[in-house]
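Asker: Chain V is fixed; fit chains G and P onto it per the hints.
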Amino acid sequence: MHLSARLALPLLLFAAVALVLGGCPKPATTPTDVSGETKVPKGSGLKMAGGEEIAIGAIFSVTGTGAPLGEPEKATAEMLAKQVNDAGGINGKQIKLIIADDATADDKAVMAAKKLIEQDNVMAIVGPTMSGTTLAIVDTCEQAQVPLISCAASVKITSPVKKWVFSTAQTDVLAVERLLDHLKAQKITKVALICDSNAFGQSGAEQLKKQLPPAGVTIVAEEKFDNKATDMTAQLTKIKAAKPQAVICWGTNPAPAIVAKNAKALKLDAAIIMSHGIANKKFIELAGDAAEGVVFPAGKLLVVNELPDSDPQKQVLLDYDKAFQAFAQKPANTFGGHAYDALQLVIAALKSGAADRAAIRDAIEKTQGHVGIGGTFNLSAEDHNGLTKDAFALVTIKGGAWTQVK
Amino acid sequence: MTASALLQFLLTGITVGSAYALVALGFTLIYNATGIINFAQGEFVVLGGLLFFTFAEVLHWPLAVALAAAVIIVALIAVIVERLAIRPLMDHPVLSRIIITIGLSVILRGSAKLIWGVDAHSVRPFSGDASLMIGGAALQVQYLWVMGLTALAVIAVRLFFDKTITGKAMQACAINAEAARLVGISVPRMVQASFALSAGISALAGAVIAPVTFASYDAGIVLGVKGFCGAIIGGLGNGLGAVLGGVLVGVLENLGVGLAPTGFAGLQDAFAFLILLLVLFLRPQGLLSRQRTEGV
Amino acid sequence: MPHRRRELLGFIVAGAVIVALPLATRNPYLLNVAVFIGLHSMIAIGLGLLLGFAGQISLGHAAFYGLGAYATGILTVHYHINPWLALVIGAAVTAVVAFLVGRPTLRLHGHYLAMATLGFGIIVRILFNEGGEFTGGPSGLPGIPHLALGPLVLRSDLHMYSLIWPLVLVQVVLSRHLLRSRLGRALRAIHDSEIAARSCAIDTGRHKLMIFVLSAIYASVAGSLFAHSISFVNPNPFSFMVSVELVVMVIVGGAATLWGPVIGAAVLTIVHQIIVQLGGLYEPIKDLDVVIFGLILVLMLLYQPQGLARLRLPRLGRLTGEGDDG
Chain V
88 MHLSARLALP
98 LLLFAAVALV
108 LGGCPKPATT
118 PTDVSGETKV
128 PKGSGLKMAG
138 GEEIAIGAIF
148 SVTGTGAPLG
158 EPEKATAEML
168 AKQVNDAGGI
178 NGKQIKLIIA
188 DDATADDKAV
198 MAAKKLIEQD
208 NVMAIVGPTM
218 SGTTLAIVDT
228 CEQAQVPLIS
238 CAASVKITSP
248 VKKWVFSTAQ
258 TDVLAVERLL
268 DHLKAQKITK
278 VALICDSNAF
288 GQSGAEQLKK
298 QLPPAGVTIV
308 AEEKFDNKAT
318 DMTAQLTKIK
328 AAKPQAVICW
338 GTNPAPAIVA
348 KNAKALKLDA
358 AIIMSHGIAN
368 KKFIELAGDA
378 AEGVVFPAGK
388 LLVVNELPDS
398 DPQKQVLLDY
408 DKAFQAFAQK
418 PANTFGGHAY
428 DALQLVIAAL
438 KSGAADRAAI
448 RDAIEKTQGH
458 VGIGGTFNLS
468 AEDHNGLTKD
478 AFALVTIKGG
488 AWTQVK
Chain G
4 MTASALLQFL
14 LTGITVGSAY
24 ALVALGFTLI
34 YNATGIINFA
44 QGEFVVLGGL
54 LFFTFAEVLH
64 WPLAVALAAA
74 VIIVALIAVI
84 VERLAIRPLM
94 DHPVLSRIII
104 TIGLSVILRG
114 SAKLIWGVDA
124 HSVRPFSGDA
134 SLMIGGAALQ
144 VQYLWVMGLT
154 ALAVIAVRLF
164 FDKTITGKAM
174 QACAINAEAA
184 RLVGISVPRM
194 VQASFALSAG
204 ISALAGAVIA
214 PVTFASYDAG
224 IVLGVKGFCG
234 AIIGGLGNGL
244 GAVLGGVLVG
254 VLENLGVGLA
264 PTGFAGLQDA
274 FAFLILLLVL
284 FLRPQGLLSR
294 QRTEGV
Chain P
95 MPHRRRELLG
105 FIVAGAVIVA
115 LPLATRNPYL
125 LNVAVFIGLH
135 SMIAIGLGLL
145 LGFAGQISLG
155 HAAFYGLGAY
165 ATGILTVHYH
175 INPWLALVIG
185 AAVTAVVAFL
195 VGRPTLRLHG
205 HYLAMATLGF
215 GIIVRILFNE
225 GGEFTGGPSG
235 LPGIPHLALG
245 PLVLRSDLHM
255 YSLIWPLVLV
265 QVVLSRHLLR
275 SRLGRALRAI
285 HDSEIAARSC
295 AIDTGRHKLM
305 IFVLSAIYAS
315 VAGSLFAHSI
325 SFVNPNPFSF
335 MVSVELVVMV
345 IVGGAATLWG
355 PVIGAAVLTI
365 VHQIIVQLGG
375 LYEPIKDLDV
385 VIFGLILVLM
395 LLYQPQGLAR
405 LRLPRLGRLT
415 GEGDDG
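Top line first, the protein sequences correspond to chains V, G and P. Residues 88 to 493 in the numbering used here are what the first sequence lists, from first letter to last. Residues 4 to 299 in the numbering used here are what the second sequence lists, from first letter to last. Residues 95 to 420 in the numbering used here are what the third sequence lists, from first letter to last.
Chain V on its own, in the form it takes in the complex (with noise of 0.2 Å):
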């Protein structure tokens, strides 16, 4: 026992000058004292000093399940800082991009965010990638006081609203919003729905289920898969029996791609309707001949080409694809695009003359009339998101193109 006795010895001491430690006020970068409040001096260590360089953090899933969305919002990210930067950076001074990777995971991202706005000193973080990552790191923004421009969907992350977090990727709000003018036009009042086990499928029937039935829509069934599942008949068998008018589906590939061949192969007759979650080639790839027909809304970017001159957005959206080509070699997409509006908010507030996080973020709020990738944003305190349902174009897709839908 006196062994037991020797070792606690040092524990405590431990135990008391950490304690001691965690509790003291201090004058160091931790911004927090005794009583667990925070005060941020303004911009105390973080001013541009010198003018050369303004640090603006970036958080990106480019590994784990996020990489297909987290890759081209990283290429993105990086084309628009080298953008600015030859132009001559931002009032004189150069944008110093510090991108990190969360692996689509929740400590990740956390240790990512306190990476970037402690040891980096970042202005504004952009990103992350996902709906889950974002949500992990809103409280340490929020206490850090550190503006954050999510490149997620979910309505979680700005509504309620966060003083500190802003998101520039079109909800599922709007997106059924959009549809649901689509189903009139169809005069469909019977739908059934089958959507991704997943945060991103969860958050759509959740958002169908409330705007479809006050309009009229009747759910004749809902399914749910998994994410991983390799075939979906026995979903829709069922809801073949449910004899829908039309089957929504909600999810991201490859798994949607496996519900229009199984819908197919069982000789469903309904229109298959789905979501911005397949706006991308790999998914007319994937799916063939059982693509044809799908109606979904989308991002602009889609069907650049078939928008009217007097679209603001057409030129933007064409110097994007234009300059993200010849940038990465390959396609843009309206994922890399939600990046480039989060980056291109940081950049308009500093342009403005903001020169601390809270000033970028007062400046990101008061942002009006910002015509960008995912459509035309116009943020308020009440409004973190700025987008309406006109950020939507409805697409089909027809002879393995994309088409807007007359």
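It is possible that part of the hints are untrue.
The following label-pair restraints were derived from C-beta to C-beta distances [stated by the list, open to error]:
#1 P:246 - V:248: 25 to 33 Å
#2 P:174 - G:86: 55 to 63 Å
#3 V:272 - P:178: 53 to 61 Å
#4 P:118 - V:229: 25 to 33 Å
#5 P:193 - G:132: 48 to 56 Å
#6 G:147 - V:248: 53 to 61 Å
#7 P:173 - V:298: 25 to 33 Å
#8 V:486 - P:335: 37 to 45 Å
#9 G:147 - V:486: 24 to 32 Å
As a list, the in silico SDA-like pairs of lysine to any residue whose alpha-carbon atoms are at most 25 Å apart [what the hints assert, rightly or not]:
#10 V:315 - G:144
#11 G:166 - G:178
#12 V:368 - G:132
#13 V:169 - V:414
#14 V:368 - V:395
#15 V:368 - G:60
#16 V:485 - G:131
#17 V:169 - V:434
#18 V:485 - G:60
#19 V:297 - G:270
#20 V:330 - G:139
#21 V:250 - P:239
#22 V:315 - G:264
#23 V:330 - G:262
Sample of chain G residues with no beta-carbon within 10 Å of chain P, all distances over it, derived [unchecked claim]:
#24 68
#25 131
#26 178
#27 181
#28 188
#29 243
Hints are computed from structural coordinates only; laboratory data are not their basis. Quick caveat, the model's predicted, so the values are computed rather than measured. Glycine included, each C-beta is placed from N, C-alpha and C at the ideal position.
Answerer: Leaving out everything else, chains G and P in the frame of chain V:
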């Protein structure tokens, strides 16, 4: 619930289950030869599918050649893996060798991602994109290939064990490695052969299901776990049990989807694993096993 | 006794490092990495006991981690229960669940626990995902309050660091006592030869079960602390692959050693952070992340199967105690 819907659930279950059955058979072959639960089994399936994609869709080789090449290459990879990572641990506890297969699965999956990227790849069906209607239930023609090749593989393995010297030697190793060594059978060689055979069968599964499920680098975990489920339900070590167990997992899964009330639709994936737990708790020797160590 | 002196030295060195880190740096990023190393260590220590001294692996410990996180999350968000009480309730619930999973499987010879925990882990994650409003579903449960000691709200990384690392030390001390006890000797006997242990009338199943339940409690507490520190949980951090990563930490550090799991957790967490940083400098490195993890595991098993803690650096390896009398 109409009869045709029920038939559809069963039919889909059997077809999907055939793929699990091949994976389960792969598990069993290695388990019998070494006592190892090979966590890289699902990766062999994935590699089979991705290599088949490359040969058939990118290089446009004839179907049979592409299929054979995918199977042989994956079998070779398994032989190399066994030589480099499993054999050196021959004298270590079985647990170490099980854990090393976890490491191998991570390496194989990571390498597949480096080579083929994160996107899924589509492969043309062997004989047209059509589907048949049987009593009101739909069946994709490709699934006839899946079931046919599964049956063929099971029969071939059975004949191999019963009729060939090598097969009999492998069985002897599975029953008692020490005794097998004493009668002059090279145990390491038999272990190597079991890895090759097991990986080849898994690669075949991967290639033949690629047209209906697509080939993507991260599909191995789900396929591996479901196949593993089948192997345990059938009684670990029992080849025929593994095949039936795999099919059973597919059927249960689809009946689970079909019969679950709407509010519980998302729980269907828990179904197979719930059965797994029940089997482990109540009948750990498996539903279909008569005795523990048995060949195919 | 020189062995005990070595062991004591191990504790002193570890204690000194732990106290020195926040003195040397107030960089919250580094402290945050240390917090996660601590959380992973808490789980790994339990797994290390299970693996090293009961010869069993669990492929579902991320589920126990998740049970702790969700239990405190749900109890504090929906029922406004005090976070500390919630943590204890979470641990108790997890212990019962672990008992129910372990009891039927640990009586059997072979690796049935690994199989059962694998299936169990996947089921638990599906339940988190399908819990609707109750668990927050796939998009997660936000708004979990921070822990507080009286008026002091534990929200900074230094606070969490100062809470977690003493707990890790306590765990290591507990492990040490456990191993010196009759139970510990019994467990090592199990590891050496189950038949021999049985013939000495050691109830191997019961002992293995105790260790398994204890390891689940450790994971649950770590999960609760995780949830309170980032004030948000969703199903992602509790997947099968996380369970695997935890096992890897134990193997890399060394299962049957006092400090091995802590070393393993530290090495793997730091390696990941280094890869992330290098990936920022030279793009292709980031894709090597998982491959490197797999390679570390395989190479360790091949060349240093007893883990980094037993690395025979001259003298240094001796510090870790638990040396040659096993």
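Asker: None of the hints should be skipped; say for each whether it holds.
Answerer: Going down the list of hints, with the structure as the test:
1. Checking the proposed 25 to 33 Å range against residue 246 of chain P and residue 248 of chain V shows it holds: the Cβ atoms sit about 29 Å from each other.
2. At roughly 60 Å, the beta carbons of residue 174 of chain P and residue 86 of chain G sit within the given window of 55 to 63 Å.
3. At about 57 Å, the beta-carbon gap between residue 272 of chain V and residue 178 of chain P stays in the expected band of 53 to 61 Å.
4. Remark: the range hint 25 to 33 Å for residue 118 of chain P to residue 229 of chain V is upheld by a beta-carbon distance near 28 Å.
5. In this structure the supplied range 48 to 56 Å holds for residue 193 of chain P paired with residue 132 of chain G, their Cβ-Cβ distance being about 52 Å.
6. As the Cβ distance of residue 147 of chain G to residue 248 of chain V is approximately 56 Å, the hint placing it in 53 to 61 Å holds.
7. The hinted range of 25 to 33 Å is satisfied by residue 173 of chain P and residue 298 of chain V, whose Cβ atoms lie roughly 31 Å apart.
8. Look at residue 486 of chain V against residue 335 of chain P: about 40 Å separates their beta carbons, and that is inside 37 to 45 Å.
9. Taken as a hint, the range 24 to 32 Å holds for the pair residue 147 of chain G and residue 486 of chain V, whose Cβ atoms sit roughly 30 Å apart.
10. In summary, the hint linking residue 315 of chain V to residue 144 of chain G is supported, as the alpha carbons are separated by about 22 Å, within the 25 Å threshold.
11. In summary, the hint linking residue 166 of chain G to residue 178 of chain G is supported, as the alpha carbons are separated by about 17 Å, within the 25 Å threshold.
12. Of the supplied pair hints, the one linking residue 368 of chain V and residue 132 of chain G holds, its CA atoms being roughly 20 Å apart against a limit of 25 Å.
13. This hinted pair checks out: residue 169 of chain V and residue 414 of chain V have alpha carbons roughly 10 Å apart, not beyond 25 Å.
14. In summary, the hint linking residue 368 of chain V to residue 395 of chain V is supported, as the alpha carbons are separated by about 23 Å, within the 25 Å threshold.
15. For a cut-off of 25 Å, the pair hint linking residue 368 of chain V to residue 60 of chain G stands: about 17 Å separates their Cα positions.
16. Between residue 485 of chain V and residue 131 of chain G the CA atoms are separated by roughly 21 Å; this keeps the pair inside 25 Å, and the hint holds.
17. About 12 Å separates the Cα atoms of residue 169 of chain V and residue 434 of chain V, which keeps this hinted pair within 25 Å; it holds.
18. The hinted pair formed by residue 485 of chain V and residue 60 of chain G meets the criterion: a straight-line CA distance of about 23 Å does not exceed 25 Å.
19. About 22 Å separates the Cα atoms of residue 297 of chain V and residue 270 of chain G, which keeps this hinted pair within 25 Å; it holds.
20. For the given pair, residue 330 of chain V sits about 15 Å from residue 139 of chain G by alpha-carbon distance, which is consistent with the 25 Å threshold.
21. Distance hint between residue 250 of chain V and residue 239 of chain P is fulfilled; the C-alpha atoms sit about 18 Å from each other, no more than 25 Å.
22. Between residue 315 of chain V and residue 264 of chain G, the direct Cα distance comes to roughly 22 Å. Compliance with the 25 Å bound is thereby established for this hinted pair.
23. Only pairs whose Cα atoms come within 25 Å are accepted, and residue 330 of chain V paired with residue 262 of chain G is accepted, the gap being roughly 18 Å.
24. Residue 68 of chain G, annotated as away from the interface, keeps every beta carbon of chain P farther than 10 Å; the closest lies near 30 Å.
25. The claim that residue 131 of chain G is not at the interface with chain P holds, since no C-beta of that chain comes within 10 Å of its own (minimum 36 Å).
26. Every beta carbon of chain P lies more than 10 Å from that of residue 178 of chain G, the smallest distance being close to 17 Å; the non-interface claim holds.
27. Every CB of chain P lies more than 10 Å from the CB of residue 181 of chain G, the least distance being 17 Å, so the non-interface label holds.
28. At roughly 24 Å, the least C-beta separation between residue 188 of chain G and chain P is larger than 10 Å, which holds for a residue marked as non-interface.
29. Consistency note on residue 243 of chain G: stated as away from chain P, and its beta-carbon is indeed over 10 Å from all of that chain's, at 20 Å minimum.
Checked against the numbered hints given earlier, the structure satisfies every one of them.
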